[in-house]
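Novice: Here the protein sequences come in this chain order: W and L.
When we follow this note's numbering, the leftmost residue of the first sequence carries the number 1, and every step to the right adds one.
When we follow this note's numbering, the leftmost residue of the second sequence carries the number 1, and every step to the right adds one.
If you're looking for bench data, these hints aren't it; they were derived computationally from the structure.
Mixed in with the good hints, there may be bad ones.
[Said to hold, decoys possible] Taking lysine to aspartate or glutamate and the EDC-like style, the derived pairs with C-alpha atoms no more than 16 Å apart in a straight line are:
(1) Lys129(L) x Asp77(W)
(2) Lys127(W) x Glu138(L)
(3) Lys2(W) x Asp88(W)
(4) Lys127(W) x Glu112(W)
(5) Lys2(W) x Glu55(W)
(6) Lys127(W) x Glu97(L)
(7) Lys43(W) x Glu86(W)
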Amino acid sequence: MKLQKASRYALYAVLHLASEPGKQFSTAEIAEAYDVSIHHLAKVMRTLVRSGLIESVRGVGGGYRFSGNLRRTTLWDIIHEFESLESDIDTPDQLSGNARVVISGLDSVMDEIDGLNRATLDSITLKTLLRYGDENLEREIQE
Amino acid sequence: MNNTNIAVDIGVAREADLPAVVALDAANSGAEKPDYWRDILARFTQEHARNKRYFLVGKDPAGNLLGFIVGEIRAWEFGSPPCGWVIALNVTADQREKGIGTTLFDALCAEMKRDGVTTIRTMVLANDKVNLSFFRGEGLAAGPYIELERQLD
Chain W
1 MKLQKASRYA LYAVLHLASE PGKQFSTAEI AEAYDVSIHH LAKVMRTLVR
51 SGLIESVRGV GGGYRFSGNL RRTTLWDIIH EFESLESDID TPDQLSGNAR
101 VVISGLDSVM DEIDGLNRAT LDSITLKTLL RYGDENLERE IQE
Chain L
1 MNNTNIAVDI GVAREADLPA VVALDAANSG AEKPDYWRDI LARFTQEHAR
51 NKRYFLVGKD PAGNLLGFIV GEIRAWEFGS PPCGWVIALN VTADQREKGI
101 GTTLFDALCA EMKRDGVTTI RTMVLANDKV NLSFFRGEGL AAGPYIELER
151 QLD
């Protein structure tokens, strides 16, 4: 599974804001922290505001802050704003004989994998993800 | 010690808890299953049957049911060494996010650990976001086994 750039940027942004709920960050600050394009990130931020996951704060020192529920919002809640994670086997419309059998079999396997991917992403809340990160870093420091 | 925002008393389920257990399960699952829970209660709590089977309830100080958890230790299914299984977990909807599920889960883990297992496992519907995210939050992740099934036509 390879996430599209917009999904990755959205994960960076929402998780960055969720790591300090209540605090606001500008698009430039987030883009710099993750070394990503500020222009592409700005488009992503607009979609995230429309989805209700983040809110924009106007005025001096304005920016964005997290507006979801840390314990309820999952990684999939963010990603599905940008993509469906459905594997697409690029095939011609007209197939016959063995080709139909092969493609039909491959489609069912891909559906199964896609379902598992979505279920995994929908089982991990932002709070859990941030805890994974903390624990991993702690372990690395101890080693 | 309770890891909750509210006081929870943990104890082994009793016959008198059955109506509240059935009602809580029905409220969360949409199906009332009194016979099933009576059978589980008998098999998981009778003195002779309790060995490696656990049915714990969490109550408020007034004795009202806040939640329950059921588990057992299974061994050597497709080569798996003895392992704790959580087979049910329910918390009253209006009392969630107060740590009741965690208190019940911790109590079950402590009992299973005392009985010799080092791994705990469960199986949850892929679209059951509440339970999936709860268990993820408790540190469970995909393990070495994959659930497979088919329709018996």
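Novice: Does the structure break any of the earlier hints, and which numbers would those be?
Specialist: 4, 5, 7
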